[in-house]
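S.K.: This is what each chain is made of:
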Amino acid sequence: MSEQSLAIRKFSDLANPTRFIGLAERLLPWFSGLTALLFAVGLYLCFTTEGDYQQGETVRIMYVHVPAAWLSMMCYTVMALSALGTLVWRHPLADVSARAAAPIGACFTFLALVTGSLWGKPMWGAWWVWDARLTSVFVLFLMYLGLIALNRAMDDPGKAAKVSAILILVGFVNIPIIKFSVEWWNTLHQPASVLRLDGPAIDPEFLRPLLVMALAFTMLFLPCTSRPCATKSGAGG
Amino acid sequence: MPVKLHVEDLAARRGEDLIFHDISFVLRAGEALVVTGANGSGKSTLLRALSGLLPPETGRVRIEGAGSPNLAESSHYLGHRNAMKRELTVGENLVFWQDFMGDSPDGNGLPVDVAIEALGLSGIGHLPFGYLSAGQQRRMAMARLLVAYRPVWLLDEPTAALDASADRMFAGLVRIHLEKGGIVVAATHQPLGIDGVRELRMTGFAGVGDVI
Amino acid sequence: MIALFLRDLKLSVRAGGGALIGVLFFMTVVAVIPFGVGPDLNLLSRIGPAILWIGALLACLLGLDRLFQAEREDGSLDVMLMQETPLVLTVLVKCLAHWTASGLPLVIASPLLGLFMNMNEVAIGATMLTLLVGTPAITFIGAVGAAVAVALPRGGLLVSILVLPLAIPVLIFGVSAAYAAVEDPAPFLPPFLILIAITLFFAVIGPLAAAAALRSSSD
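First to last, the sequence lines map onto chains A, B and C. For the first sequence, numbering that gives the first Met the number 0 assigns the number 0 to the initial residue and increments by one for each residue that follows. For the second sequence, numbering that gives the first Met the number 0 assigns the number 0 to the initial residue and increments by one for each residue that follows. For the third sequence, numbering that gives the first Met the number 0 assigns the number 0 to the initial residue and increments by one for each residue that follows.
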């Protein structure tokens, strides 16, 4: 009981901007170092594991593609949580974290789309197919860009944060609908037998570098968002 | 029960700047407060904070004895803009606001044609609002205060575009409203032409306002 | 509330014939398509429902950005924000009025354009029905975009960018219901019911979010 309340107090201490800046400044080098290390290990694993007997060397794209796609969704979830923080608790850190996460999410989504497209050309013979998953990621990309455009168009940061938080949440409740509708649309027009992304069950041989890369990407996300959080909330007060 | 307006330690912020702080006053039924000060001293900000359109930084505003404990719902706000549609006729505009705002528990508004006449504009109620001159438009915007009753009037530069006779007519309307037990808070450069009003001088940028 | 509905209808009729412009835009978009894809009647009848839906979607977005901006510019929004009437209700009524003035004419004009596209009676009927049910959802989603961009001087384009991705489900189910009515194997009812569900869903979410955005951008 008392331990739990202590944990809660510790966490709310973290939400204090000055403490957060202090902590972020101390931890950032460590996180950056850890990220670099993970990337080194991950990339080493990526290039030393064997290629797939069917897909050949192109399978290595997966090690970038899949983590980027995961991160693109995680970023939006982080933004939705921050949006809740902005609207419900009116917390200044939530404002900046939502704003900082948007461009990063857009970058990851873009990376997922580009690598997916590069992977699709040898596999499917086309740069782009209107596969359900690709299409919904593309819609997510458009939503990121819309949010960034909105944020840039408004001059009052406090107002921009509130208004974009509302839009983020509306987008968040829409994501399942969009996902479901795109899948419905796709199965209606073309059977999704050939274009299945997941393919055969993943061999542990591929899983190991994939997981390391996913971890590395996630670690990359932390310094990327917390640095602007620390500087912006420091400047903005 | 007569209305009473309490304002306690009100502070408001525009962007990064604290425009004013620690503004407190109490207005009883039949009292008027004139807010004066140079351009940019925070007169409009104070009125918007009172009307609830700008969330105040600290402090609170409450009203006693009105139909609703929320000041926004028991007050009229007349800002710089007239809240009238250029495409609709004067009559249509006023009928709309009368229907939309409805009667408050504190009293009923005047019929639209009576309100138009009270502003001395009878005979042009059928014209589109956009055809009127700036002064006529302003007077029609004031007619909105009459068609739906609210005990508190928050007026931002009400007489800016008016000539001297319209000025006097408006002073008369304010006096009638006060006699009926209303409260008026007006930001203005010119004197309202009413006796016995209190004055709040704004000095701007977190300067202290003092009630005289 | 009826007063607000009637006022908005009057305004959209008087202010430069808002409804007429929307229908004209719809007709122009649909009329341009055959010049792009060629005059093959079979092809046109096949893509007809989709073209009508895309045209209607774009036409619905016209004028949406002014939904709250016009109220803000002349100060009416301030008065509306201060009333006892819940803002959500005000937004809902404004959406309904906007749809009646600009969405309904599109639905009424769609059979004529269906004839241009060489669609048969069933396809025309189905497309009209799906448009009738689906276009309100676009207005409700659009209200969120309009409220979010209310303080921006040139919000028009931004509203479209924000709204279009969110409107994709409406388009998908509208078009697939229209096709299901014509092509035999696919059942008409499931996509049509989902379309109704989406409209009802946004009839709640849209005004709620728009009201919240309007409150937080007042100053």
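Note that these hints are calculated values from the structure, not bench results. Take these hints with a grain of salt, some might be off.
Selected chain C positions facing chain B (Cβ under 7 Å, derived; list incomplete) [said to hold, decoys possible]:
1. A2
2. L3
3. R6
4. L8
5. D39
6. N41
7. A49
8. R214
Calculated Cβ distances over 10 Å to all of chain C for the following chain B residues [as the list claims (entries may be wrong)]:
9. G78
10. M100
11. A159
Values in this document were obtained by computation on a predicted structure and should not be read as measured data. By construction, the Cβ of each residue, glycine as well, lies at the ideal position given by its N, Cα and C atoms.
S.K.: Compare the structure with each hint and give your call.
M.R.: Now for the hints, and whether the structure bears them out:
With 7 Å as the threshold, the beta carbon of A2 of chain C comes within range of chain B, its nearest partner Cβ sitting at about 3 Å, so the hint holds. Annotation: interface hint on L3 of chain C holds; nearest CB of chain B at approximately 6 Å, less than 7 Å. The closest approach between the C-beta of R6 of chain C and any C-beta of chain B is roughly 5 Å, which is under the 7 Å cut-off, so the hint is satisfied. This hint is violated: L8 of chain C has a C-beta 11 Å from the nearest C-beta of chain B, more than the 7 Å allowed.
Hint status for D39 of chain C relative to chain B: violated, with the closest Cβ pair at about 45 Å, above 7 Å. A hinted interface residue such as N41 of chain C counts as satisfied when its beta carbon comes closer than 7 Å to some beta carbon of chain B; here the least separation is about 47 Å, so the hint is violated. Interface hint status for A49 of chain C: violated, as the beta-carbon distance to the closest one in chain B is roughly 36 Å, over 7 Å. Of the supplied interface hints, the one on R214 of chain C is violated, with its beta-carbon coming no nearer than about 9 Å to a beta-carbon of chain B, more than 7 Å.
Not every Cβ of chain C is farther than 10 Å from the Cβ of G78 of chain B; the closest lies at roughly 5 Å, contradicting the non-interface assignment. Not every Cβ of chain C is farther than 10 Å from the Cβ of M100 of chain B; the closest lies at roughly 6 Å, contradicting the non-interface assignment. For A159 of chain B, the non-interface assignment is confirmed: its Cβ lies about 14 Å from the closest Cβ of chain C, beyond the 10 Å cut-off.
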